[in-house]
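Asker: Here are the chains, one letter per residue:
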Amino acid sequence: MLGEESKIAARRRSEVATGGSSLTGKSWCRALATLGPHFGVLLVALSVGCPGYHYTSRAYFANTTKEPVNVRVQTLQADVDCASMDGRSAELLARRELFGAAITYEVEPGQAVPLDLDDPWHSQRRNSCAALVQILGFADQVVYWPSATGYVTTETALAEGSDPRFLGQSLRLEGYGNVKGLAVGHALEVTALPPQASGAPPADTAPATLGWSGAPRTGLGFMLFRREILPDGCLSLELGKDLDSRWVLFLCVPEWAFPFEVDTKLNITSDQILPEPRGYYSDPGDPPAQHLLVQAADAGARFELWLNAQAAELPAVGKVTSLGPPGRHTECGAYAEPVSVELPALSATLLPGEEAKQVVKGKTTRVLLGRADQLLIAPDACAPDFASLGTRFDLLMLDTPEVTP
Amino acid sequence: MRQGILVLLLGLAGCAGGADAASETPSGSRGVTQAGAQDAAYFRRLIEGGSIPEPGLLDQVGFFAEHALNQPEADCGEVVCTHPSLAVAPRFDDGTWTMAFVSLNSGVDPETRPRQPVHVVLAVETSGAAREVTQAGTAIIEKLLGALEQDDRLSVVSFGEESKLLLKGAVPGQADVSQVELPAPAKDEKVDLYGGIAAAADALKLQSDFVGATRIVLLTTGRADAGITDPPRIESLAESLVRAGTPFSVLGLSRSFDASLPRSIAELGAGNYAYAKSTDDLSDLVVQEAGVRLVPLAGDLQIRVVPSPGYSIGRIYGARRATVEDGAAVLRAPALFLGTRKSASDVEGGRRGGGGGLFVELVADPSSGAKIGVGQAAFQLETSYTDIDAGADVSFASEVVNGLSPGERPTENWPHFSTPDYGKAFMMLNMYLALRAMVDLHAAGDCGAALGVSYMMEPGADEWQNRFDDPDINVDRDTMLRLRENIFNECRAVPVPPSNYEAGCFSL
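Read top to bottom, the protein sequences are chains A and B.
The numbers in this note's numbering rise by one with no breaks, and the one at position 115 of the first sequence is 1082.
The numbers in this note's numbering rise by one with no breaks, and the one at position 60 of the second sequence is 61.
Keep in mind the hints are simulated off the structure, nothing from the lab.
We put the beta carbon where it would ideally sit given N, CA and C, even for glycine.
Please note that the accuracy of each hint is not assured.
Claimed, not checked - With a Cα cut of at most 30 Å, we get these calculated BS3-like pairs of lysine-lysine:
id: 1; chain 1: B; residue 1: Lys-191; chain 2: B; residue 2: Lys-278
id: 2; chain 1: A; residue 1: Lys-1208; chain 2: A; residue 2: Lys-1232
id: 3; chain 1: A; residue 1: Lys-1208; chain 2: B; residue 2: Lys-191
id: 4; chain 1: A; residue 1: Lys-1147; chain 2: B; residue 2: Lys-206
id: 5; chain 1: B; residue 1: Lys-188; chain 2: B; residue 2: Lys-278
id: 6; chain 1: B; residue 1: Lys-144; chain 2: B; residue 2: Lys-206
id: 7; chain 1: A; residue 1: Lys-1208; chain 2: B; residue 2: Lys-278
id: 8; chain 1: A; residue 1: Lys-1208; chain 2: B; residue 2: Lys-169
id: 9; chain 1: B; residue 1: Lys-165; chain 2: A; residue 2: Lys-1232
id: 10; chain 1: A; residue 1: Lys-1286; chain 2: A; residue 2: Lys-1330
id: 11; chain 1: B; residue 1: Lys-144; chain 2: B; residue 2: Lys-188
id: 12; chain 1: B; residue 1: Lys-144; chain 2: B; residue 2: Lys-191
id: 13; chain 1: B; residue 1: Lys-206; chain 2: A; residue 2: Lys-1232
id: 14; chain 1: B; residue 1: Lys-278; chain 2: B; residue 2: Lys-165
id: 15; chain 1: B; residue 1: Lys-188; chain 2: B; residue 2: Lys-169
id: 16; chain 1: A; residue 1: Lys-1033; chain 2: A; residue 2: Lys-1147
id: 17; chain 1: A; residue 1: Lys-1286; chain 2: A; residue 2: Lys-1324
id: 18; chain 1: B; residue 1: Lys-206; chain 2: B; residue 2: Lys-372
id: 19; chain 1: A; residue 1: Lys-1232; chain 2: A; residue 2: Lys-1330
id: 20; chain 1: B; residue 1: Lys-169; chain 2: B; residue 2: Lys-206
id: 21; chain 1: A; residue 1: Lys-1208; chain 2: B; residue 2: Lys-144
id: 22; chain 1: B; residue 1: Lys-206; chain 2: B; residue 2: Lys-191
id: 23; chain 1: B; residue 1: Lys-278; chain 2: A; residue 2: Lys-1232
id: 24; chain 1: B; residue 1: Lys-169; chain 2: B; residue 2: Lys-191
Unchecked claim - Among the chain A residues that face chain B by a calculated CB cut under 8 Å, a handful are:
id: 25; residue: Thr-1176
id: 26; residue: Ala-1350
id: 27; residue: Asp-1352
Claimed, not checked - Okay, the calculated beta carbon distance ranges per label pair:
id: 28; chain 1: A; residue 1: Ala-1115; chain 2: B; residue 2: Val-402; range: 48 to 58 Å
id: 29; chain 1: A; residue 1: Gly-1291; chain 2: B; residue 2: Gly-51; range: 52 to 62 Å
id: 30; chain 1: A; residue 1: Leu-1318; chain 2: B; residue 2: Gln-303; range: 44 to 54 Å
id: 31; chain 1: A; residue 1: Lys-1286; chain 2: B; residue 2: Arg-46; range: 56 to 66 Å
id: 32; chain 1: B; residue 1: Val-402; chain 2: A; residue 2: Pro-1161; range: 35 to 45 Å
id: 33; chain 1: A; residue 1: Leu-1241; chain 2: B; residue 2: Ser-369; range: 54 to 64 Å
id: 34; chain 1: A; residue 1: Ser-1165; chain 2: B; residue 2: Arg-46; range: 49 to 59 Å
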């Protein structure tokens, strides 16, 4: 606990040193003051001598009552395509699992607290556009500031009650005694959350699940020794150059997609392609595209599977088009909207879970589009497939040559 | 000595830190515990040692499982019976706390079922963190094989970035496993948990001439960063195995244990779930595993709590897998197993009462109260499953009446119970909510409110003890007071009542 608080204090200092955009002035003093109750007298004494400070922020909480109030603020722990959230924050961001550790502030009467406190370690890559605000006596509030919201700078740590911009961009606690209420600035979208542990609908599942486990080898002439179906419908395959060097591959594809019989010799290629950098930097969280190619050694059927692919990586793919809502919420809290994938050679555009088939000169090409997502919310807690923004899809392609009698 | 512990399982008790205590009821009915953790021993130990645990260490399923709950007779005429009840209490604010509870039990005595030999597949993670507990694995494998019956079989698969079959169908008393070792961990090796479970599924089929039951025992740190890493897909594989009749026990390893995925797998509804903090713990747990008998009773269980007019579904406790669908709370389990355990020297520390069930808050619409009036149904419980022995689909429904109108508070600060003899479950929930609120508020830096919770709850706990003198609630109360002391020692804050507090007020 203390370690975490120390880290928070250190971050605030770092922000001042690097000229962070969301907090300016001697904001570390406020952080120290906030931490006072946890550290005891020492930090409180340190903060007493702080000079005045001011804030620059796109959203505020303000206490306009006559009494101090404890406010917990949780920042986003997810990459969010903020521009896509305008008008949809209640639907997409009103989920507790998207928000991280809480910081508690004791907000004195008349004081303000800025809400767009980007974690400076992530400020290079993470847009902040929402915070979860918890105030004693009220339902928890998700505060979203739309992408076009400008910054408002305060003169001091006090709420700027006469500044219409400040009022428009603040969630304010108002009233007296037991009669208090929350006022929401017109520029914000604020959603009250249901209580913790409230029952929730089941998470949505992808329309088609493709993938593999195991460590496929690359090379020529692997014998397929065993082929079985696992209880979840995936294939369990045993391959090797000989009986002593067998390895297993668990392949999640429809049964038709892997037409190779036991005792067939196969040539296999398995590789990864790192994603194109987004903007100035490459996000280490972006998963590489994975590629598995299996072809009968006698130049028979050819199986190809791409996971987490982007259009630029696949020559066979034309336009990838975002289809917009409705999307799906995954179990880890990610939100994805479907995309369609164009396959010019097949004159087809597929939706997630759709198949296409073409027969040309006796060769049958069959294609299945698996997951095809534009990730708009990507929580840190998700597996790599869902932990970063972007458009990615899984694509299965099977070429079967004409069987000559 | 074979000590009978008859517990019908969504999951069978098993833990590092559970004292030996049966949940056998005097009636001969066997209570169903929710699968997953079976105690909160570590959480309590930290408090006893003067610490304030992190909120994540209080597992609701484990906490409930420590409590012995009386249940009505399992006389519904089916292999699994469900028992709904209702409590209505004042909240600490102006509201009303309306809570439904559903417990399960069975009249089937597992000792009347012939023992089947079992083919156990031990799937062991080989990462460096796991190896700190498993060591080379030889001793664990020897212990497990030694504790199995002669007609049982043991196979072992290891998994890191790749899975390997290390032992195939070893016969207890005959096979020499002294040379079987887990592969040494490679530097920066990832863990393909899906691949490990899939390899275990493959190993189940290797003994084509074996006739009997199957079981997978998974030793994992919870890491899954190679191969198929998406948790729902890993759970889906485990669930398909359970649905096919293979119970799935999960033993957590290492100081860096990440419980989220193992817990989800354990809560599928079959087998043990435990954490081994040392090699000795792990040895004890695998031996205990060998003594467990699991008889499949029911498949595709579905429980639906359907609120009556005037109510809607609020919070849900006791079953993380429960969801809200079409306005009803729904809990599904792929299979239910009837379990017995050979005695057991459970490892250390906690209590084991076999309690648990599904709690569903009913949010009353006060405006409908006058219209609906008193003595009307608050919810309907719909139960369905497949009786595995009979091969028949079973379904039945019952209603629970609220003696008060929706949203009406009892006139005294004492709950209105639909079945007063079985009200302890609700007090157990309240004690859980108190402890959870205290550690939550403390973690958020709100020490005053954390302390305030304990002062609000103390009269209710005292009143409960005055009336019933229940040993489980007494331990909970002591834990709460000790936690208060620990928080006060750290923060010296003035207690204040928290807002939006979830519990009901049980004090006069």
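Asker: Tell me if the straight-line CA distance from Lys-1208/A to Lys-1232/A falls inside 30 Å.
Answerer: Cα-Cα ~9 Å, so holds.
Asker: Holds or violated: Lys-1208/A and Lys-278/B, Cα atoms, limit 30 Å.
Answerer: violated, 41 Å
Asker: Is Lys-188/B within 30 Å of Lys-278/B, Cα to Cα?
Answerer: holds, 23 Å
Asker: Within 52 to 62 Å: is that where the Cβ-Cβ distance between Gly-1291/A and Gly-51/B falls?
Answerer: holds, 55 Å
Asker: Does Lys-1147/A sit within 30 Å of Lys-1033/A, going by the straight-line distance between their CA atoms?
Answerer: Within the cut-off at roughly 11 Å; holds.
Asker: Do the alpha carbons of Lys-191/B and Lys-278/B lie within 30 Å of each other, as the hint requires?
Answerer: With a Cα-Cα distance of about 22 Å, the restraint between Lys-191/B and Lys-278/B holds, given a limit of 30 Å.
Asker: For the pair supplied as a hint, Lys-206/B and Lys-372/B, is the alpha-carbon distance within the 30 Å limit?
Answerer: Between Lys-206/B and Lys-372/B the Cα gap is close to 61 Å, so the pair fails against 30 Å, i.e. violated.
Asker: Keeping to a limit of 30 Å between CA atoms, is the pair of Lys-1208/A and Lys-169/B held or broken?
Answerer: holds, 22 Å
Asker: Measuring from beta carbon to beta carbon, are Ser-1165/A and Arg-46/B in 49 to 59 Å?
Answerer: The hint (49 to 59 Å, Cβ to Cβ) is violated, given that Ser-1165/A and Arg-46/B are roughly 31 Å apart.
Asker: Does the alpha-carbon distance linking Lys-165/B and Lys-1232/A stay inside the 30 Å limit?
Answerer: Holds. Lys-165/B to Lys-1232/A sits at ~22 Å (cutoff 30 Å).
Asker: Starting from Lys-206/B, check that the Cα of Lys-1232/A is at most 30 Å away, please.
Answerer: holds, 25 Å
Asker: Honestly, do Ala-1115/A and Val-402/B meet the 48 to 58 Å range at C-beta?
Answerer: holds, 54 Å
Consistency with the previously given hints fails for numbers 4, 7, 18, 21, 23, 30, 32, 34, ordered from lowest to highest.
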